[in-house]
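Peer 1: Generate coordinates for the entire structure from the input sequences, incorporating the hints supplied.
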Amino acid sequence: MSDTPDVAMGDSSIYASAGQPATQYGLPDDEIAAELPVFLTHKLAKSLHMLVYPQKEHATKPGLINPTVARIKPIHRQIELDIPLDVQSPMYNKERGRELGEGISDVGRLLDTQTLVSVDIPKNSTYLAGVVRNGELHLTPVECLTQLRPSLKYLDRLAEKQKAASKIHDDNEDAEAEDDKDKDAKAQTIQVTVRSAEAEEALRQQQNSIAYIQQKLEEEPWSKLAYHDVGSEESALVAEKLVATNRESLLCKTTPDEYLTAVIGNMNPDIL
Amino acid sequence: MPDTPSQNEGSAPSESRPRGSIRGGLTRGRGRGRGGTSASSSSLASGTPGNERLASVRNRSTPGTPTPGGSKLVFKPSNPGRRVKREPPGATASSPLLPSSSTAPSTVSVKKEQVRRVRERPKLIESVSGPFAQGPAMIAAAGRRGMTGMAGAGPSVNLSAMAQQMAQEGGGGGPAADALEVVVTDHNAGDSGSLEVQTEEMAVRAAEDMARMTLDYSAYEGFMDSGGKALKHEADGGMLVMQVPLVPEFDLAPEIVHRRLGRKQKKVARQRTIDLQQQQQQQQQQQQGVVDVDAVDVKPKLEDLEDLEDVKPDLASLDISDEPQEPDADDDNGDLADGRVGTLVVLKSGAVRLKLGTLLLDVSRGADCQFMRGLLALDSGDPATAFLLGNIDHMFLCTPDLESLAPSEN
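Line by line, the protein sequences give chains P and Z. Be aware that the first sequence starts at 1, since it is given in this note's numbering, and climbs by one per residue. Be aware that the second sequence starts at 1, since it is given in this note's numbering, and climbs by one per residue.
Be a bit skeptical, because a hint or two may be false.
[Said to hold, decoys possible] Restraint ranges, calculated between C-beta atoms of paired labels, are given here:
| no. | chain 1 | residue 1 | chain 2 | residue 2 | range |
| --- | --- | --- | --- | --- | --- |
| 1 | Z | Gln271 | P | Gly19 | 49 to 57 Å |
| 2 | P | Ile210 | Z | Val204 | 55 to 63 Å |
| 3 | Z | Asp393 | P | Asp257 | 31 to 39 Å |
| 4 | P | Lys216 | Z | Gln370 | 33 to 41 Å |
| 5 | P | Ser232 | Z | Asp393 | 14 to 22 Å |
| 6 | Z | Ala406 | P | Ile213 | 39 to 47 Å |
| 7 | P | Glu233 | Z | Ala207 | 51 to 59 Å |
[What the hints assert, rightly or not] To spell it out: a stretch of chain Z is covered by chain P in this simulated footprint if at least three of its residues, at any positions, have a beta carbon under 8 Å from a beta carbon of chain P; those stretches are:
| no. | region |
| --- | --- |
| 8 | 250-261 |
| 9 | 268-282 |
| 10 | 340-347 |
For the record, the hints were derived by calculation from the structure and aren't laboratory data. On a predicted model such as this, the values are computed, not experimentally measured, just so you know. Glycine included, each C-beta is placed from N, C-alpha and C at the ideal position.
Peer 2: Take a look at the structure:
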């Protein structure tokens, strides 16, 4: 890599080596068609997410998904987007929409929004987001992979309502049964389990590890999230940060052996 | 048993019972065919079509022998016989691959014929050319089975000719220790006479073809347009994502770090000069109408100034103009590890390679994704803001080129 600052490369630089054998790229029998300089930038590295919409087609144009409301849990970095549904569409079942709308509100509202909630996917590889600008490839590391899946909380609320309604009915029945119960008391068997203190501690830790995290997640309140869709001025300004401003060449500190060891693992465990 | 006709009854069935009646007919259980005398059996036998009956148990004769009535009854079960395996046309007794078939007996039963064919027929090892050629292990195994003479016979050997030659030299009987082994399958049964055997040279050539086939040329379209020109703007190519196993570490060159530090120091010195000038101006404004004879001369402490690198800056070299400076790496987030890291090369064959420092990676198109993907910049500060930057149109997979990364034997 040259130590002098590199200026922006134009067309002449892209095709400067066109026609020459690609010996330095490991294919001496092939010819170079074009060379694009690659730049790396970390300006958005900590905040770049790759969103995946499993229920949207690949051909969906950006901007069609226009959420009306966006929420975020800042500590756990979970986001929710409310996407409006077309209730006037002839394919929309209003009767069913009214039934499911009871999970949103008690006023008799139609189910007119679809809530997408983010789920982080563990990364098995490194992803670099790239843009090609003026014959240059600019790469930015992606922080995490996020899937946006529909939230069915309205079904949970519906189930809770039904359960509460049935519980009221059962309570009324139980009140009558208790009067009878006092009259004929029966002997009940009680099962006694004795656990050691260590086992109890281990069990408590196991229960707390997952439940605690889930509880903390549910306890964190939702905060308002300002959402700027693609095409807006704010998004365009932030998209400019994907382009590196420094033109200097960087030195690669990783040798091929170290790279292979990091990717494959230590082939010679006896040799450190 | 109600179905069993009495003796008297069975003696003249045609008279007492209507023809075709169930009671006296053929379709009634175990009483079928039980008649009485041979006369009845003959009358039954010569009855209406479809009314054939076996002879009575008492009068049943051995198959093949004529009954007293004159006609010969042979029991022919309706179940099909055991299926006889038919040999493929190429491996018949008259095939040139087999030993001379002139001595094949004609009166040998089918089973004996099959056994003979299995014993005498040499096994053909199926072989194909091209990328699916046999590997060196199979070739070596074939050599151990007695095909050693073929290694130096040239690129291809006509097995059928060799088999014929062996047959003419008297290769009948059981399989010899160095007998040819070739498997004839359904799809090559027709051309079993032209089977070729892979040699080591062909195997090496096939391996080279396979290595060339591993290069994926579909990534070409992600960087070049239909006219063979490189894409310049993201509107042409869209946003893309490259998946790499690991991003190597990069750092600035020492001279660049020194230059940037020098820039920082100059910047600090400039700022201090400007601050000093402003302080002096403020003091002059305060002292304009007042003459204090007993005022103490305020002089800057030289001890403090000696700590600075540039106490008296050279105005000729310093640019203290009001024009805005070019944006520096320190101006944007202060991250010094941004810059050029390598080159992406598109080759005429369609292959695309990425060189990061000294590391060479093969670039191929990733799996086609059926659903939408986008890039989001999320700021979880206060206030929280999300910016959707665009859709991801292309996904590329970068795999390290092991030939260039593997350490050399030297």
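Peer 1: Of the hints given before, which are not true for this structure?
Peer 2: Failing hint: just 9.
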